[in-house]
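A.B. asks: Just so you know, the protein sequences line up as chains F and G, in that order.
Residue numbering for the first sequence follows this note's numbering, beginning at 671 and increasing consecutively.
Residue numbering for the second sequence follows this note's numbering, beginning at 671 and increasing consecutively.
You may find that some hints are simply not true.
The list cannot tell twin chains apart, which means a pair is met if one copy fits it or any two copies do.
Capping the alpha-carbon separation at 20 angstroms, the derived lysine to any residue pairs in SDA-like fashion look like this [to be verified]:
#1 K1160 with R791
#2 K784 with R677
#3 K1160 with E1104
#4 K1025 with A919
#5 K674 with Y790
#6 K674 with S789
#7 K674 with M782
#8 K784 with R1037
#9 K674 with R852
#10 K784 with P680
#11 K1160 with K1188
Don't read these hints as lab results, they were simulated from the structure.
All figures in this text were calculated on a predicted structure; none of them were measured in a lab.
There are 2 protein chains.
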Amino acid sequence: MFGKTQRNDPAEAELASHRLMLRAGMIYQVSAGVYSYMPLALRTLRKIEQIIREEIDAAGGQEVMMSALQPLEFWEQSGRSEAMGNELFRLHDRRDRPLVLAPTHEELLTYMVKANVNSYRDLPLIIYQIQTKFRDEPRPRGGLIRVREFDMKDAYSFDVDQDGLDVSYDAMAQAYRNIFSRCGLETIEVEADSGAIGGKDSSEFILIADAGEDTIVLCPSGDYAANAEKAVFAKPQQDAEPLLPIEEAHTPGIKTIDELSKYLKEPARKTLKAVFYMAMGELVFVVIRGDLEVNEVKLSNVLGGAPGLRLASPEEVQEHGLTAGSASPIGLNGIKVVADDSVDMGSNFLAGANKPDYHLRNTNHHRDFEADIVDDIALAQRGDSCENWARATAMFWIAHYPDENGEPHLILMGCYGIGVGRLLGATIEQNHDENGMVLPATIAPYDVSLVALNMQNETVAESAQALYDELRGAGLEVLFDDRNESAGVKFNDADLIGLPIRLVVSLRNIRDSVVEVKRRSSSEAETVATTDVATEVKAMLAG
Amino acid sequence: MFGKTQRNDPAEAELASHRLMLRAGMIYQVSAGVYSYMPLALRTLRKIEQIIREEIDAAGGQEVMMSALQPLEFWEQSGRSEAMGNELFRLHDRRDRPLVLAPTHEELLTYMVKANVNSYRDLPLIIYQIQTKFRDEPRPRGGLIRVREFDMKDAYSFDVDQDGLDVSYDAMAQAYRNIFSRCGLETIEVEADSGAIGGKDSSEFILIADAGEDTIVLCPSGDYAANAEKAVFAKPQQDAEPLLPIEEAHTPGIKTIDELSKYLKEPARKTLKAVFYMAMGELVFVVIRGDLEVNEVKLSNVLGGAPGLRLASPEEVQEHGLTAGSASPIGLNGIKVVADDSVDMGSNFLAGANKPDYHLRNTNHHRDFEADIVDDIALAQRGDSCENWARATAMFWIAHYPDENGEPHLILMGCYGIGVGRLLGATIEQNHDENGMVLPATIAPYDVSLVALNMQNETVAESAQALYDELRGAGLEVLFDDRNESAGVKFNDADLIGLPIRLVVSLRNIRDSVVEVKRRSSSEAETVATTDVATEVKAMLAG
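Just chain F, with the same shape it has in the complex (with noise of 0.2 angstroms):
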């Protein structure tokens, strides 16, 4: 078999799932976020993708698969080419023309759509691929978690209303279930509102790992996903600039971050956003920049876990002398103040005045105020990618089909992503020990790791290959290690790989006419006669 297992965990990993992939030989690093999928990882990631195909296809969806190249111009009528900033990968053709390595595919379906619906009589539509997406991620890692070239389920389904949406959306969600519960994944889902996408909410799914050490969370449109603890993503760094001294703006009316953002015409991520929670009975005050969201598990874990974190009402952060809508963090007292980082992210920052109808231009952290705890506690999803995919997906109402009567109306257009190779690296995250990969057998790459000891005794190859021979002709997937290893080195790489079921084949074994046979996810080994080997492992991935 094409890749090599490694005894030593490789230094630059940092979560499990990367760490055994590269262990167990199933990923190669081509650079910074690009890999490739040894034997191993690709057998899986064809089940994993299979899997999708069938759930997707039952909720509706019909597959294709568009060009990655595809000529800037799409982005920039979609307005997309500015928002993607330098995570779209640009380059020129021969002629010089400008084209990009699509991220998705929300521009170029909606061409397609176009170009074949005519009529209210075609809707409804889903239409997903499962394609390879590129994204310049500025910081990638993690192993197959965040990446720059992957493979990606992109569905899309379109509407002629909102019921119908709903409808769609309904049945993608169903499918997401499906799909994660068959892949052995536990998801919780979190309904989060998603106002852009035009009033039916989005969900979340939540994956929490196996030992609490990290926690994944996957966003539906699968472009984000974080060791939430640990929580690295990109805020978008704004140049430095010299401090200017605060100044007093009139805002009459204005409470949101939109609504100031518009009405003083500067970015959302100009501004800092003041939210609070509850925590254990005290207010606390969190700062964030405008453009992000607050990862509530972040919050808590910087809080000391923090149980029954809720954000404050409306009467709890008047009751503290603070004017909603336009609240300061400057000048506060007996006030915990939790900032994420994205506040040392910039300078000159519009805040609010702590009081009615205005607002303060160029304040600074450090300067002008101190949180007593700074760290990363933005949602990466919602104001990193999910939040700007949202508004981005608004965008793409622009496609009309006549109704019965001939009367233009707009399509309306849902958008549903899961990263496969991010899929299978959530799942490893869930389904591993200290000695490797503990695969669901609906996804591993083989059913049956075939351990021979001692190959160089004929008895034992002979044995060994009878059984892989009969094994195979009943179905059943083996990975067979004839190699010329010690039983140690064979036994610790079946563990590595973690496929379901262990045999093994040993000169007693075959003298009591028995195979050792063992779950990976169990300690305890047990003999079966060989003549009933392939039933019972049949039964036991059955079971």
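Dock chain G against chain F, hints included.
C.D. replies: Only chain G this time, still in chain F's reference frame:
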């Protein structure tokens, strides 16, 4: 179904496969040479991929998936970044690191093999992938035949010695024969010398289209396929320069282009090569730029057929007063001269002087000689792609493996490619008639077109739906045309899409408890008892 059929031929499509795929709504053009695959095309491509996978697996292949993004450095080290020129898509990431979009994967895989082959025991290996390639073709054309982004099966064998390479090569060649045959492609296999590959001949699979109107040449590396009659491929242009006076150059013992090029330190593209053929008993003097080779199919075509076309013997050349090894196109009398149009792509060529040990500098077509026929007669893949690729491939024999005694040996690498979309294009070139595609059952997107006439009639709608459910239950793939369209539209579309079998449900048939059954390849329809349809269809597909 996503994708609309078109009644009229798209103006831009010259090749039948291109025209029919556009008309059937199978492909959507994103940009020049960049397509999205609509559901019908994707279903067919997946079947072709599966056939390829099964055959390459049977040949001992292991599937991987390598990245498209690669550091430019890999290509600078191999020397191919320059050789590829503008065909190589280049880009920079956000940290300004130069990257390429891989047009092929010898470079990267060599690194992966170095990391995973520690000993002769790790060999032989056949590694393959079905993956998206990017090549900035100068003149993309022909639908899926010549594109800038395409799926390719690329396989690479690694062996300890020439005997091993021969075994791998033979296994791959057999896999190719099986793949083409299973896809319904008729190929003619041509042995071709490829010295740079190291003594092992390579095969070309030449596909001849049905009607004789088009000849598609597909080389095993998958790099190139062209309509041999119209024959467009990229001959590297040379800068225009002023015509210089002819000079004699002393070239003692120099006979081949290679020797000439080395001796006078001029690239082969600055030379003119003379090749002699016998066509219908007459000597033909063929002139072609020294970096290109003659395509005998094209030559035969420009000579109006020329049955029995063959290379002339040295004796036949001498009989005409020509000096083999230094024959000149200048001053010929009574000998037909056919020039490849590359003689006009450059100036001041080195050519033969028609006396031993001398050549002429600054030879120019039109000024110094006039060909009787000027046309594209170059063997695209030998001159343009294959030969370059082969040369580059040879540079990859830099990986070493230690043998039994720990001595380092070179690993011999073989490269084998098939363009998946191009294979589909070629199959359609061979399998169509004036009404549309006639797809082989093995790769058709569905088995059956189920045409219901007058869907507004409830009896018809119910009957057709029942038959659809029954056929699907029997494991058949059915495209159910349940649109409210006329019989004519439905029949035309069924012919256009070209599924192997068409079933017609009509009120009259329902009264007789029969279904009309027709093979796409036949003009005869028959009626089959409704209860027997599934069995009958399966028998027809198998037969």
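A.B. asks: For every hint, state whether the structure bears it out.
C.D. replies: Okay, the hints, checked on the actual structure:
{"no.": "1", "hint": "K1160 with R791", "in the structure": "between (60 angstroms within a copy, 17 angstroms between copies)"}
{"no.": "2", "hint": "K784 with R677", "in the structure": "between (54 angstroms within a copy, 18 angstroms between copies)"}
{"no.": "3", "hint": "K1160 with E1104", "in the structure": "within (16 angstroms within a copy, 61 angstroms between copies)"}
{"no.": "4", "hint": "K1025 with A919", "in the structure": "within (11 angstroms within a copy, 93 angstroms between copies)"}
{"no.": "5", "hint": "K674 with Y790", "in the structure": "between (55 angstroms within a copy, 14 angstroms between copies)"}
{"no.": "6", "hint": "K674 with S789", "in the structure": "between (55 angstroms within a copy, 12 angstroms between copies)"}
{"no.": "7", "hint": "K674 with M782", "in the structure": "between (44 angstroms within a copy, 11 angstroms between copies)"}
{"no.": "8", "hint": "K784 with R1037", "in the structure": "neither (53 angstroms within a copy, 55 angstroms between copies)"}
{"no.": "9", "hint": "K674 with R852", "in the structure": "neither (29 angstroms within a copy, 35 angstroms between copies)"}
{"no.": "10", "hint": "K784 with P680", "in the structure": "between (49 angstroms within a copy, 18 angstroms between copies)"}
{"no.": "11", "hint": "K1160 with K1188", "in the structure": "within (14 angstroms within a copy, 58 angstroms between copies)"}
In this structure, the earlier hints numbered 8, 9 are contradicted, and the remaining ones agree with it.
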